[in-house]
Structures are given as structure tokens and as C-alpha cells.
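Heads up: the sequence lines are chains A and B, in that order. Heads up: the first sequence at position 36 corresponds to 36 in our numbering, and the numbers run straight through without jumps. Heads up: the second sequence at position 280 corresponds to 280 in our numbering, and the numbers run straight through without jumps.
Read the hints as simulated data drawn from the structure, not as lab findings. We put the beta carbon where it would ideally sit given N, CA and C, even for glycine. Any given hint could be a false lead.
[As the list claims (entries may be wrong)] Pair by pair, the computed Cβ-Cβ distance ranges are:
{"no.": "1", "chain 1": "A", "residue 1": "P23", "chain 2": "B", "residue 2": "S229", "range": "38 to 48 Å"}
{"no.": "2", "chain 1": "B", "residue 1": "R134", "chain 2": "A", "residue 2": "H63", "range": "42 to 52 Å"}
{"no.": "3", "chain 1": "B", "residue 1": "E68", "chain 2": "A", "residue 2": "P17", "range": "56 to 66 Å"}
{"no.": "4", "chain 1": "A", "residue 1": "P91", "chain 2": "B", "residue 2": "P244", "range": "51 to 61 Å"}
{"no.": "5", "chain 1": "B", "residue 1": "G153", "chain 2": "A", "residue 2": "K16", "range": "50 to 60 Å"}
{"no.": "6", "chain 1": "A", "residue 1": "W136", "chain 2": "B", "residue 2": "G204", "range": "25 to 35 Å"}
[Said to hold, decoys possible] A few chain B positions that, by computed beta-carbon distances, are all more than 10 Å from chain A:
{"no.": "7", "residue": "S71"}
{"no.": "8", "residue": "A129"}
{"no.": "9", "residue": "P151"}
{"no.": "10", "residue": "V197"}
{"no.": "11", "residue": "V202"}
{"no.": "12", "residue": "T206"}
{"no.": "13", "residue": "D232"}
{"no.": "14", "residue": "Y281"}
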Amino acid sequence: MNYSLVLAVLAGCAYKPGSFAHPQSEFPGQRATVGCLDIAVERRTDLPIGPVLGYQFANRCDHPMTIDLGAVAVVGRNAQGTDVGLRPYDPLAELHPVALDGRNVGGESLAYPTDRAITQICVDVATLVHQGAPQWLCLASTTGTVVGSVP
Amino acid sequence: MKRLLIAAAALAPVVHPYVAEASSCQGGGSGGGSSGGSSSGSSNASNDRYYHPGLYQNPRVPQQTACEDASDVIGYRRCTKFGAWAKNLKIPHIVIEGGVVVRQFGSLLDSQAGSVIHGNESFAYRVLAQPQRRTLDTAVLSTLRAGVGLPHGFYTAVEVDLGGLAQPGRASTEMMTSGSFGSPDLQQQRGFVVDSVGTIGVHGATHAGGLGVELSGGLRAVSYSFHSSYHDCERTTSIRAFAPIAEARVRGELWLSPWLTAGVTAGTSVIEQHSWMGGVYLGVHTRSFGGDR
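Based on the provided sequences and hints, a complete structural model is requested.
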């Protein structure tokens, strides 16, 4: 085993603030910075129950940062222009605030059940960390949009 | 009674699934001394193990299947729990360190006795240290240490140091027995050292690194080697000795990355004069900056 290679990996796997780049993760979609977090949100191909958002986040700071994915404010807009508040699909009640270590990265994908077609979905990423003024990112539907019914 | 026999016959392959193996191997083993040749990868059915189908229904035999998710969306995946990226914060802060230390300590050779065998003759000898002053051994060791962070800046660690005697303290040998051709000629060589140490300490953090003060205690095992020459017969013999370790140490380290430190350490024995250690190490941490920032 080449020890210099191990050291290089250990030294290089720390997230560099503002880079939106990491050897183990990609940061697709729209990007924002809230407090200690660099966040990328991507609208992925919808599931039958509704739209899916991929969250990728990185801690810019040296200390842990709590991320509350279950509390993120998400609003969907249908073809008629009506806004609908969306809650994440969490049948096993897994979502809870989790601390992300300093200079570390993480990611999750959440589905948002709805009974109508959502053409645009907006996310207030500031609510991810309960910090600062609202910071909305809006994402249009992808080509693979399929909308079904609430399970 | 008949029902019992039927039940026993039905259960036998499940309880002893390898029963059929013994009988099926008997025929293949009839070659006597040629069994080595018959095991050369042949697909002969008589060499194949037979497992009763009931074995696969036995709940005690786990089915090895890798967990694979078709989706990574919460609620659709089963293999990876939510928040797997935060696992390192759910366990205590663990540090794994590796490095090199130099130690000097009092030789454990004085008054030790040993024996060396040449052919069918055994010779006893004893070792005498220099009488003028205490002799010291110098050892260079690789060190591997695992530590766990405790509340309020305390930590504990276990450490194993393994290395060689770079400069053993000089000692003379005295043969206590002789043989047909006199006595062997013993020449002192090097040896090896194993230190096993437990440590408790407290550390303070700065932005760039940290400082620690600690107490260590454990056991040292030293093997001193001697080369023995006796009438065209060359042998190596050794004397093993053990001693307690009790040290006070200081250490300082710098962060090379959020999970990697480089440090130096130095210490002195609290039970033995002129015994000291110094070393350098690299440490890998499970928490960013040790959780100190």
C-alpha cells in the first residue's frame, strides 16, 4: 500500500468551502449558500407519487451543522398556477434533524406526494438550517415527469 | 413408536445435513495410497459433497445476498438508512495514530541467566552489566495507537510499540557450564522490544492543533540476542526480560486536514531515571478537527 496515496486521499477529501465539488459527490442543479452550508437542489425524474428533489449539501465550516430536511419549505405550482405546500414522503418516519460534520458532505433524495401535476417546484433552502432570510430556489419539471396519485 | 421412527427419519437430514457425505466418500477413498492423485480437481461425482435439500430450508443457514436498492429516494430504499452521511458523529471521537518513537531505558540484562544448545550439549550462562554505571538500551520502534475522546477534554488510548534495539546496553557474559570442547563464545547482538501501554490524558485545542498531557502505563518486553559459537556450531540465543512502564508525556499536534494530524511526543519515566522517549506520528480522526472547533 502506498502510504503517500492514503495521506493524499485523507488530505484531499475535505470539502473546500464554495467549491461545490467533492471527490465522492456531485452538486447538480441550482446552488445556494446558507450559513455554513453549500447546497445544491436538483429536480429529478418524478416518481408516480410526485416530484423528487435531490439535495446535496456540504458543510463550509469546521464544526458540525444541523440539517433538517423534514422541515424544508417546499411549494409546488400546478399548470393552473395554483401553489400547493408539499411535505416529503416519509413512510418510515426516518426524517429528523441530523448533524453534518465540519467540512463534510451529504445528500438525500426526497419525494413529495401530490395528486396533481406539478410544473414548478420551489424550495426555501434557508429552512434546511433554520437560518437567515428565505432563499427560494425554483425548479421546472423534468422531461420524465409522470404524476400519479397519493399512495 | 412407528410414528416416532418416521419423524426421526424425516428430521435426520435436517439435524445432520452432512450424513450423506460420509457414505458417498467411502467409495472414492478406496484407492488407498493413491488418494492424493484422486483429488486433482476431477469432477467425479463420488468426490462431490452431497447436501440434503433440507439444508437450504434450515433457518440456521443464512442466505448471503447483497442489499441493493433500485432507488435512492427516502421511503423507497431499504439498504441505506437516512442520514448515513452523519454516521461519524454518532460514535465517539476515535483517533488512530501511527508513527516512530525512540526510547532509552535501563537495560534489563543485568543478572539475567540463559542457556544455549549446541547439538546435544546445553550450556548455561549469565549476563553481567558494566559495574561502573547503569547501562541503557536505545530502541527505535514503530508505534500504533488507538484513542477515544472522552468528555471535558480527556481521552484514553491503547498503544503497541514494536521495534528493535538500535543500541543495546553493553553487558558481559559468563559461561556457567562447559562441554566436550570447552565453552561457547557468546557475542552480544541486538534484539527487539515490544511495549504495550495504556494511556489517559487531557488535551487542549488551538485553531492550528492541540496540546496534550498524559500518563501512560504498561509492560515492556525485551528480547536480547546473543550469537554463540562452539566448535564450528553457530547459534543465536536470546534472553527475554520484562519491566513495567510508567511515563509522563506531552504531545503537540497540527492539523494537516480536517481528519489528519501530525504530531510530536516526548516523555520521561516516572519510575526510572534516565529513561525517556520521543517520537513523531500521524493521526487519523473520525471527527472533523477532533470536534474541537
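Now for the hints, and whether the structure bears them out:
{"no.": "1", "hint": "A:P23 <-> B:S229: 38 to 48 Å", "result": "violated (59 Å)"}
{"no.": "2", "hint": "B:R134 <-> A:H63: 42 to 52 Å", "result": "holds (51 Å)"}
{"no.": "3", "hint": "B:E68 <-> A:P17: 56 to 66 Å", "result": "violated (34 Å)"}
{"no.": "4", "hint": "A:P91 <-> B:P244: 51 to 61 Å", "result": "holds (59 Å)"}
{"no.": "5", "hint": "B:G153 <-> A:K16: 50 to 60 Å", "result": "violated (29 Å)"}
{"no.": "6", "hint": "A:W136 <-> B:G204: 25 to 35 Å", "result": "violated (44 Å)"}
{"no.": "7", "hint": "S71", "result": "violated (8 Å)"}
{"no.": "8", "hint": "A129", "result": "holds (39 Å)"}
{"no.": "9", "hint": "P151", "result": "holds (16 Å)"}
{"no.": "10", "hint": "V197", "result": "holds (24 Å)"}
{"no.": "11", "hint": "V202", "result": "holds (21 Å)"}
{"no.": "12", "hint": "T206", "result": "holds (13 Å)"}
{"no.": "13", "hint": "D232", "result": "holds (44 Å)"}
{"no.": "14", "hint": "Y281", "result": "holds (13 Å)"}
In summary, the numbered hints that this structure violates are 1, 3, 5, 6 and 7.
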